[in-house]
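**Q** The primary structure of each chain is shown beneath.
Protein chains: 2
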Amino acid sequence: MDRGGAAITVSDAGEFGLIARIAARLGTGASDGVLVGPGDDAAVVTAPDGRVVVTTDLTVEGRHFRLEWSSPYDVGRRAAARRRADGAAMGGRATPGVVALAAPPDQPREWADGLADGLRDECALVGAVVVGGDVSADDHVTIAVTALGDLAGRSPVLRAGAVPGDVVVVAGRLGYAAAGLALLQAGRADEALAGAHRRPQVAYAAAARLAAAGATAMVDVSDGLVADLGHVAAASGVRIELATDDLPLPADLVEAALALGVDPMAWVAGGGDDHAFAATMPGDAALRAVTLLADLPEPVPFAQVGRVVAGAGVTFVDAPPPGVGGHEHWRA
Amino acid sequence: MDRGGAAITVSDAGEFGLIARIAARLGTGASDGVLVGPGDDAAVVTAPDGRVVVTTDLTVEGRHFRLEWSSPYDVGRRAAARRRADGAAMGGRATPGVVALAAPPDQPREWADGLADGLRDECALVGAVVVGGDVSADDHVTIAVTALGDLAGRSPVLRAGAVPGDVVVVAGRLGYAAAGLALLQAGRADEALAGAHRRPQVAYAAAARLAAAGATAMVDVSDGLVADLGHVAAASGVRIELATDDLPLPADLVEAALALGVDPMAWVAGGGDDHAFAATMPGDAALRAVTLLADLPEPVPFAQVGRVVAGAGVTFVDAPPPGVGGHEHWRA
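In order, the protein sequences belong to chains Y and A. Numbering-wise, our numbering puts 31 at position 31 of the first sequence, and it's gapless, one number per residue. Numbering-wise, our numbering puts 54 at position 54 of the second sequence, and it's gapless, one number per residue.
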């Protein structure tokens, strides 16, 4: 695709010029937790707990975003959010991250500026900075984000800790990003929902509070609620029993689904990329969670959606939503 | 390109099947330093020093390797070597790493197996494992490797520590990967040198010994000796004075250069990707380094190639080699 014609491109100042420009934009200097910042062979960051949480993945143009649908700022926000949500789901606090970027030599330099701003601002939501990285040439944009975290003396909240008797709760939005993507694909403009695809609103603070309330297992919903709870069920050796009637169904999603002639519960139960936090915990811990979440400056949607029982897999006590198989990158 | 026709592909078992297969291949279980292994939202690894070294980048098909020139095992070895060399250049010891892979759905599954084996075996050279990661679909292969390290109570060896009066030393091979790539591009088969492009032989143990000897600055030579020493000069606020006559010129490179009708010193001074370690240190430290390196089970090429003086940039006391501007990904 045409990436900017006569605009100033990422390659005009060379590889090292681009790295210096992005590093300046990220504003990483003597920030908390950064011992050696950008510009050396590697960065050095603090790990006060003596353990470090680490998670990485790729955000790929044409697979995870389209240049014509998302601003570079949104792409940066989303690429960082995907990793920061995974880190938050371990129950720790965020420490710096690193980014590697591949981009075509004719990618406009302003695009890279916007990307850097988005990465910086999303990481700032969890009090983290981007401390280093690298750039390569490619025929499209790929962004590799690695996020680090610190456990501050606590045990990580794993997928394997759910026990029969726990309840299943969700904090954050479900189905918004999937609805937004469906609207974009159908050529319908709905800025609120399209925005949820472009830039998820991750309730990072909710993850820490679910952990503090006593979550026995936690996962961020990136592949779809049923798919991700399936990972929890498999890792914990339990069955998770959901009720379709208990899944939150906001009016925004009902309206979008009516416009497209589809069942909105498919988005709620199967749509990924909102990065809500699904957790299991004893019933009294869920009551504590309600109290802790009510104390947040921004309200976070919260719902009890099911319970943990003996067995395997994810089942429904009532009619399951359509298409709850979850998300597979290879088969999308 | 045709990636395997009717072979079993990476997508046949789905995303989670592929991740499980790679994780099994990597063999990461209760390895040293791994507290939470593959399969959760994030991994958790030890950081006994309370600081963690982190470095990341992308290895891109068609830019850093070609499927027709490199086996998947070699691609894995090289992708890991690029990061592990950067980590070693900080003077620490390796701890686990994470990998994200993007690949076409029709990439043969055996290719991913070979890649995983190569990543595992290169990391094993530094006593590290690959502890987690993710997979995505794309139209070609991209591998994001993030390597972590521990400083074991020592200060990191930065690029900024060179002082006038230091000597400049290099441990490891220079120019081999560039010569191998030139031979491959010219359609000439030379397995020894082509192998140096496919899979660098990184003298990891030498980096630790240069640090122990008293290196004031260190860098791994990924962009070319002159370019990378230019980074040291800039970070340290000094000039680095080299002598072309002191650069090592092995017979293998002379022979290859004669065959291609080029000047082999261009490979030695400007070729990247061998990941030799260039360091600055006082003269007595360089003598200690000679002793420490002589003690390694495998001999490592070692040369004193210049000195640190007041000023800026990299200069030559004699005629500079051709094309010493170093490597720029955007302008290659």
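Quick caveat, the hints were computed from the structure, so don't treat them as lab data. Any given hint might turn out to be false.
[Stated by the list, open to error] Computed footprint of chain Y on chain A; a stretch qualifies when at least three of its residues, placed anywhere within it, have a C-beta under 8 Å from a C-beta of chain Y: (1) 99-112; (2) 131-138; (3) 150-160; (4) 183-194.
Cβ atoms here follow ideal geometry from the backbone N, Cα and C, with glycine treated the same way.
**Q** For every hint, state whether the structure bears it out.
**A** The hints, checked one at a time:
Check on the segment 99-112 of chain A: 5 of its residues sit with their Cβ under 8 Å from a Cβ of chain Y, so the three-residue criterion for coverage holds. With 8 residues bearing a CB less than 8 Å from a CB of chain Y, the segment 131-138 of chain A meets the requirement of three and the coverage assertion stands. Chain Y is given as covering the segment 150-160 of chain A, and this holds because 5 residues of the stretch bring a CB closer than 8 Å to a CB of that chain, at least three being needed. Counting residues of the segment 183-194 of chain A whose CB lies closer than 8 Å to any CB of chain Y gives 0, so the stated coverage by that chain is violated, three being the minimum.
Checked against the numbered hints listed earlier, the structure breaks hint 4 alone; every other hint is satisfied.
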